[in-house]
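Engineer: Line by line, the protein sequences give chains A and B. The working numbering applies: residue 12 is where the first sequence begins, and numbers increase by one. The working numbering applies: residue 12 is where the second sequence begins, and numbers increase by one.
Each hint can be trusted.
Where chain A lies over chain B, by a calculated footprint (3+ residues, C-beta under 8 Å):
#1 52–63
#2 97–109
#3 144–153
#4 167–175
Derived DEER-like restraints, expressed as beta-carbon distance ranges:
#5 B/R136 to A/A290: 47 to 57 Å
#6 B/F295 to A/D78: 44 to 54 Å
#7 B/F295 to A/T297: 49 to 59 Å
SDA-like mimics (lysine to any residue), calculated; alpha carbons at most 20 Å apart, straight line:
#8 B/K166 to A/P58
#9 A/K61 to B/K62
#10 A/K19 to A/A147
#11 B/K166 to B/K211
FYI, nobody ran anything at the bench for these hints, they're computed from the structure. Please read these numbers as outputs of a predicted model, since none were measured by experiment. Cβ coordinates follow ideal geometry from the N, Cα and C atoms, glycine included.
In case you want the letters, here they are:
There are 2 protein chains.
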Amino acid sequence: MSPFTRNKTESVGALGERRLIEKIRGWLGNATLPAPYGIGDDCAVLPPSKKQQVVTVDPVIYRRHFDDRATPAEVGAKLLKRNLSDLAAMGAVPTAAVLALAIGANLRTAWLEGFYRGLATTSRRYRVPIVGGDIAQAEGALTASLTLIGRAAGKRVVTRSGARIGDWIYVTGQLGGSLLGHHLRFTPRLSEGVWLAAQKDVRALMDVSDGLAKDLYSLVPSGARPQLRSDAIPVSRGAQKLAARDQRPAVDHAVSDGEDYELVCAVSGRADRERFESAWARHFRTRLTCIGRFVRIDTPVSAGEVNLGNLHGYEHLR
Amino acid sequence: MSPFTRNKTESVGALGERRLIEKIRGWLGNATLPAPYGIGDDCAVLPPSKKQQVVTVDPVIYRRHFDDRATPAEVGAKLLKRNLSDLAAMGAVPTAAVLALAIGANLRTAWLEGFYRGLATTSRRYRVPIVGGDIAQAEGALTASLTLIGRAAGKRVVTRSGARIGDWIYVTGQLGGSLLGHHLRFTPRLSEGVWLAAQKDVRALMDVSDGLAKDLYSLVPSGARPQLRSDAIPVSRGAQKLAARDQRPAVDHAVSDGEDYELVCAVSGRADRERFESAWARHFRTRLTCIGRFVRIDTPVSAGEVNLGNLHGYEHLR
Chain A
12 MSPFTRNKTE SVGALGERRL IEKIRGWLGN ATLPAPYGIG DDCAVLPPSK KQQVVTVDPV
72 IYRRHFDDRA TPAEVGAKLL KRNLSDLAAM GAVPTAAVLA LAIGANLRTA WLEGFYRGLA
132 TTSRRYRVPI VGGDIAQAEG ALTASLTLIG RAAGKRVVTR SGARIGDWIY VTGQLGGSLL
192 GHHLRFTPRL SEGVWLAAQK DVRALMDVSD GLAKDLYSLV PSGARPQLRS DAIPVSRGAQ
252 KLAARDQRPA VDHAVSDGED YELVCAVSGR ADRERFESAW ARHFRTRLTC IGRFVRIDTP
312 VSAGEVNLGN LHGYEHLR
Chain B
12 MSPFTRNKTE SVGALGERRL IEKIRGWLGN ATLPAPYGIG DDCAVLPPSK KQQVVTVDPV
72 IYRRHFDDRA TPAEVGAKLL KRNLSDLAAM GAVPTAAVLA LAIGANLRTA WLEGFYRGLA
132 TTSRRYRVPI VGGDIAQAEG ALTASLTLIG RAAGKRVVTR SGARIGDWIY VTGQLGGSLL
192 GHHLRFTPRL SEGVWLAAQK DVRALMDVSD GLAKDLYSLV PSGARPQLRS DAIPVSRGAQ
252 KLAARDQRPA VDHAVSDGED YELVCAVSGR ADRERFESAW ARHFRTRLTC IGRFVRIDTP
312 VSAGEVNLGN LHGYEHLR
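Isolated chain A (complex conformation) (with noise of 0.2 Å):
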């Protein structure tokens, strides 16, 4: 569908403010809550926490995230989802949610109620309430940014640094190939990061959304290189099929295709692997992989090892 509409009486233009606010209110159901502590104040009043917070803010905007091929609710669930996965990234858990909204008055009201009934069900899926927001006219444009609030769920939150020498890299899911519908179907792996974040061999933890040819960067311990084996890399379905039409390595798609919301983390060199692996299996069906390791900078290449230097991940404003 569509975003925009040439027919006024289908637009939000012709609803206005206060109505659709009304409408937006019916549409989340009830994924909002009552005012303070929902929409209809200055600010929505959020409970007190003994445990450190997190904050984390990402968008989609039309044609840039998303285009007419996905319906509205995915793009709503798409909206959360990839913030969870930024909260999952941490160790943490979904507080409360805000959604600012920049939209011409040409908006089709049944897309923004499509998208606003996707955000609910993924809201009450993970249990977040959206709590506020804003709606602002901008001609033309259809841009949504969440901000989700989030608290530790054990004792720590996990961070991207820590990872030292030695220490093995390890990652849920498979990768790449996400144009062909992962990057609106994923899961964020929420449950499998805070129970990552309780295991004290785990150092440093983060989520893969640029692809991990480039976000790996942001792990590697000072001195060090990833060592990554090819072999090792668990290529998704989508990445072999984009291989095969365009000839290029899967494994290339696997590391740079982006928008994977899988996570990669560091584990101690010193760890009980196996131990480490079985207990993992008995909690989630979903894959862990260990793909590597971080090596000192100055260890040559070896054979089988994946050549990051030649690969990128995906490039904001470019």
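The hints should help you fit chain B onto chain A, whose structure is shown.
Structural biologist: Frame of chain A; chain B shown alone:
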């Protein structure tokens, strides 16, 4: 300054993502914090909070909230101050902010620098770190959404509900004519909001952003209507100037222009008003004016009363 340029070398597109983010860190300086408490991890980490917390989000959009007459620094300052005004309206103080930008690749780097420097100056003035954000590309766009997190300054946050029939209506500062400059140069009433929230006689509080004639309806108790004395409305010089130009009464401008970012509150009808007003005057140079009270809805309109029925505030999405 026009935010956009046709000269590619002057644009953010020429910088690319990595260098742009480095530059932003520099422009923010000590208005941000090192990761994971500031920019650079999957989320920003916030401290625990024993107090109730609040969250709000408001944007600035090119051609909607500002135009080429505004300096980029004024735009950055306005973005944060709009949100601070929402916190003031609950009696809260700021904890941290995150910023989502949707910008065209042809945005002038110098414009963005001015914007961030204005934001940083305001951030330091009100002691609220900019802890994170996101920059996404959207053709021809210049939308900046800021989410502000705060916490109760005292024992409570004050909501919009709580006013009763017979309560007095007070407003800070002067109203109207904001387009002549006040919409960029206002001071969010943070300390005033904290003080008002600490007064037990203050029953409801909000900020005036779309004009008193529209906003005041959020405070009206059920079965009541606001009875405002026309000669009591604090009319700004801006409102007087606009009135001289368009021959409308200055009071009409005062109650309907919007973007005042003043506070309006309901004070118990049983309060010792003289004591309340003199206590205010000991703390603030900002004017505080009793403009009327909430009366039963069937109270006849009296001479000298503002006829709010004919007036409207700023209507979004029209």
